[in-house]
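*Asks:* Chains as they are written, first to last, in UniProt numbering: chain A, 1 to 395; chain B, 1 to 325.
Possibly wrong hints are sitting among the right ones.
[What the hints assert, rightly or not] Think about it this way: if two alpha-carbon atoms lie no more than 20 Å apart in a straight line, the pair counts; the simulated EDC-like pairs of lysine to aspartate or glutamate are:
(1) Lys244(A) to Glu226(A)
(2) Lys246(B) to Asp228(B)
(3) Lys320(A) to Glu333(A)
(4) Lys196(B) to Glu371(A)
(5) Lys2(A) to Asp30(B)
(6) Lys370(A) to Glu273(B)
(7) Lys370(A) to Glu307(B)
(8) Lys377(A) to Glu345(A)
(9) Lys320(B) to Asp228(B)
(10) Lys246(B) to Glu371(A)
(11) Lys166(B) to Asp356(A)
(12) Lys370(A) to Asp244(B)
(13) Lys166(B) to Asp363(A)
(14) Lys166(B) to Glu364(A)
(15) Lys47(B) to Asp205(B)
(16) Lys196(B) to Asp355(A)
(17) Lys220(B) to Asp205(B)
(18) Lys334(A) to Asp350(A)
(19) Lys246(B) to Glu375(A)
(20) Lys320(B) to Asp244(B)
(21) Lys196(B) to Glu364(A)
(22) Lys320(B) to Glu227(B)
(23) Lys220(B) to Glu305(B)
(24) Lys50(B) to Asp3(A)
(25) Lys50(B) to Glu19(B)
(26) Lys246(B) to Glu202(B)
(27) Lys370(A) to Asp356(A)
(28) Lys50(B) to Glu270(A)
(29) Lys148(A) to Glu132(A)
(30) Lys3(B) to Asp184(B)
(31) Lys2(A) to Glu46(B)
(32) Lys307(A) to Asp35(A)
(33) Lys348(A) to Asp338(A)
(34) Lys246(B) to Glu364(A)
(35) Lys246(B) to Asp3(A)
(36) Lys49(A) to Glu67(A)
(37) Lys22(B) to Glu179(A)
No lab work stands behind these hints, which were simulated from the structure alone. Only a predicted model underlies this, so the values are computations on that prediction, with no experimental measurement involved.
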Amino acid sequence: MKDRNHLARVSTTHQVHIIENGLIDIPMLQILQPDGSLHKEAKEPDLDKDTATRIYDTMEYIRVLDERMIGAQRQGRISFYLASTGEEAAAVASAAALSDNDMIMSQYREQGALAYRGYTTSQFMNQMFSNEADPNKGRQMPIHYGDKPLNFMTISSPLGTQIPQASGYAYGQKMAGNEAVTICYFGEGAASEGDFHAGLNMAAVLNCPVIFFCRNNGYAISTPAEEQFAGDGIASRGIGYGVKTIRVDGNDPLAVYAATQRARELALEESCPVLIEAMTYRLAAHSTSDDPTGYRSREEEDKWRAKDPIQRMAKWLEKKGWYDEAANKKLIEKSRQDVLAALKEAEKIDVCPIDDIVTDVYDEVPWHLKEQVDELKAHIRKYPDAYPKTSGRVK
Amino acid sequence: MAKMNLLQAINNALITEMERDKRVMVFGEDVGHFGGVFRATSHLQEKFGKGRCFNTPLTEQGIIGFANGLASQGSVPVAEIQFGDYIFPAFDQIVNETAKFRYRSGGQFDVGSLTIRTPYGGGIAGGLYHSQSPEAFFAHCPGLKIVIPRNPYQAKGLLLASIRDKNPVLFMEPKRLYRASVSDVPEDDYELPLGKADVVQEGSDITLLGWGAQIEILQKAAEMALEDGVSCEIIDLRSILPWDAKAVAESVMKTGRLLINHEAPMTGGFASEVAATIQERCFLYLEAPVARVCGLDTPYPLAHEKEYMPDQYKTYEAIKRTLNY
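Could you put the whole structure together from the sequences, leaning on the hints where they help?
*Replies:* This is how it looks when you write it as C-alpha cells:
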C-alpha cells in the first residue's frame, strides 16, 4: 500500500492566520461593452456569422415566446409560466458553445438552450398544454421540457437534484468513451441545496467531464442573494471543492460563449468538472405566480434593463456589419405569429388517453396498476360528465 | 454448488454480472479497495479496475444522485448505501427522482438499470442507527421495486434479477444473516423472479408471512406450533413492491388465518398494507383477525433489543391467539 500524506500541500504559519471574506478575488470575464465595442485587452471569441446570428435570433425568439406565454397564462389558457427575460444570453450563448452530443440537464429557466438546440414552437406549446403530442405525455406542469433526440434531459421541479445526476451522467459518458460532456444549469438559490455540494464534490473526486453553469440572477423567488449566502457568490465554492472555476458576465453573450467554450475544452481534455458562475439579473418575475414589486424597486430593475444582453449583442453585430434591422423586425413578427398559431393548434389537441395514467410507472404495467386503471375506467363510464377530458375515449 | 454465506453470495452475484456486462459499475462509501465495511464488494476493484468499482465521498444524496445520472446515461449502476439507516439523505433523490424519472419524461428517459443495495435490520447490537428496516417508507413510492432476500441462494438469484430488471430496485440485505446464513449456492448464473412470493413451507391452519431475516423466526415459531399440532404455511414475500397479493390471498383462502411479521415498527408498517388488502380479498374466508407481530412503535432500542424484536416467542403466542380466536 502506498504512503499518503494529506498535509503535503499545507503550508504553516506562526500567527493566527484568518482568511477574510473577499480575500479570494474572482474576476468576472467581460468582453463586450454596452455600446457593442470590445473591452480593451478582450479577445473576441472565435464566432462565425452564422453562429452569432443564431445566438442573437434565438435570444429574440425566447423574448417573444416569454412575452406571449405570460400573456397566455394571464388569459387562463395555461396554468403557469416562467420567463427568462434579461437572462437570455446565459442560456443561449452557453448552449451555442456546446456540441449537439453534449447532454443538457437544466433547471427551469433555460428555454433558450433548448430553443438553440432546435426545439420547435409546436414542441414548446405541446408541453405547455399537456397534450398527447408532448412526448412527456402531459405529466408535468408547463415549462418542464424534455427531449431525448435533442439530448435535453426532462426537467424536474425539485431544486438542485440534477447537479449530482450531471456528475453521474458525465462519468458514464467518459466510461463509454464518448467525446461529450454534460452541462448542468441551476440558479444561485439552488446552490444552497445539499445536492449542489454533493454533486460538485463527487465530480471533482471522480473526474467527471461536466460543466456546472450557475445563473446568479440575484433572487431566489423573493430572497435576495445576500440572504442566500454570505461568501463570495457561488464561484468561491468551486475553488473549495477543487473545481476549475470561471466567473463571467452573464449579460455578455460573447463572454458567456468564450467561457463555456473554454470550459468544454478543459472538461474533455483534462476529464474534469468546470464551474461557471454567470452574473446576471432576473428581470422577469420568478414565475407567473410571483409579483416582484413586493421585494424590489423599479429603479433597481431599470439599471439592469440598461444591461440588456440582446441590445448589447445587436450593437456588436451592427459593428460587424452582420445586423439587418429589417430582417430582425420580420423575425420578431414571424415569431409572434408562429407562437400564436402553434398555441391555437396545441390547445385543440387532446390529453393522453386514460390508460396512460399508469404507463411508465414501471417498464410494464404491473397487476395492481392494471386493476386500478380498470376500476377507474368503470367509474369514468359511470360519471362521464365529471371527467370530460378522458370520458369520450373510454370505451 | 458451493457453500456460501450471504455476503459471499452477494459478492458472487456482483462478479457474475460485472463479468457479463461491462456497463455495470459498483460504488459507495468504502466499497473500493477495502471492499465495503461488510466486504460485500471484496476484490471487485482488483478484478474490474477503479473505473468500475470505486469509493465515493461520504454523501448518500450524492451517491444516489450520481447513480441516477449514470443510469439515465445507459450505464448499470449498483450503488451501495452503507446502512439502511443512512439512506434518508438520499430520500429526495430516490422518491422524487429515481421513482419518477420514467413517468415524468413519458418514458423518454429512465433509471431502470439502477440497483441500490443496502443492509437493513436489527439483531446485531446496532442501536437506533444501525438497525432500522425502512422498507415501508419506500413501499409508498410508485416506480420503485423493493426486494429482500432471506438466504444466500435467494440473495444471488434475486440480486442478479434486480440488476437486470428494467426498473430501479432497492435491494435490502438482512445484515444479521450476512455471515450467519450459509447455504448451497450455484456458481452459475441464475435469476429468481421479482414480484413473486415463495412458499417456504406448506401448511393448512395459518399463513405466516414475512421477509428477509424474519423468515427463520417464522420457521422457529412454526416448529413450536407444530408441537401443539398446528400446521403453519410460511410465505416469504421476497418483493415488497410490487408485492404478490395473489399468492398471499390464495394461501389465506386455504388456511383461513394470516399472521404478518416484520422488524419495523407496527404503525404504518408494510404489514398494515398486507392486512388491508387481504381483508378486502379474503373477508369471508378469514376465521380470525389478521395478526401483526412487529417491532414496537419506538426508535430501535439498544439495551432492550431482544425485547423489541418480533421473535419466535411473540410469534408463537400470536399463532395461538389467532387459532383460538
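*Asks:* A separate judgement is required for each hint: does it hold in the structure or not?
*Replies:* Hint-by-hint comparison with the structure:
no., hint, in the structure
1, Lys244(A) to Glu226(A), "violated, 24 Å"
2, Lys246(B) to Asp228(B), "violated, 29 Å"
3, Lys320(A) to Glu333(A), "violated, 24 Å"
4, Lys196(B) to Glu371(A), "holds, 17 Å"
5, Lys2(A) to Asp30(B), "holds, 17 Å"
6, Lys370(A) to Glu273(B), "holds, 18 Å"
7, Lys370(A) to Glu307(B), "violated, 42 Å"
8, Lys377(A) to Glu345(A), "violated, 28 Å"
9, Lys320(B) to Asp228(B), "holds, 9 Å"
10, Lys246(B) to Glu371(A), "holds, 12 Å"
11, Lys166(B) to Asp356(A), "holds, 19 Å"
12, Lys370(A) to Asp244(B), "holds, 14 Å"
13, Lys166(B) to Asp363(A), "holds, 6 Å"
14, Lys166(B) to Glu364(A), "holds, 9 Å"
15, Lys47(B) to Asp205(B), "violated, 51 Å"
16, Lys196(B) to Asp355(A), "violated, 25 Å"
17, Lys220(B) to Asp205(B), "holds, 16 Å"
18, Lys334(A) to Asp350(A), "violated, 26 Å"
19, Lys246(B) to Glu375(A), "holds, 18 Å"
20, Lys320(B) to Asp244(B), "violated, 26 Å"
21, Lys196(B) to Glu364(A), "holds, 16 Å"
22, Lys320(B) to Glu227(B), "holds, 12 Å"
23, Lys220(B) to Glu305(B), "holds, 19 Å"
24, Lys50(B) to Asp3(A), "holds, 18 Å"
25, Lys50(B) to Glu19(B), "holds, 15 Å"
26, Lys246(B) to Glu202(B), "holds, 16 Å"
27, Lys370(A) to Asp356(A), "holds, 11 Å"
28, Lys50(B) to Glu270(A), "holds, 18 Å"
29, Lys148(A) to Glu132(A), "holds, 17 Å"
30, Lys3(B) to Asp184(B), "holds, 5 Å"
31, Lys2(A) to Glu46(B), "holds, 15 Å"
32, Lys307(A) to Asp35(A), "holds, 10 Å"
33, Lys348(A) to Asp338(A), "holds, 16 Å"
34, Lys246(B) to Glu364(A), "holds, 18 Å"
35, Lys246(B) to Asp3(A), "violated, 58 Å"
36, Lys49(A) to Glu67(A), "violated, 27 Å"
37, Lys22(B) to Glu179(A), "holds, 19 Å"
In summary, the numbered hints that this structure violates are 1, 2, 3, 7, 8, 15, 16, 18, 20, 35 and 36.
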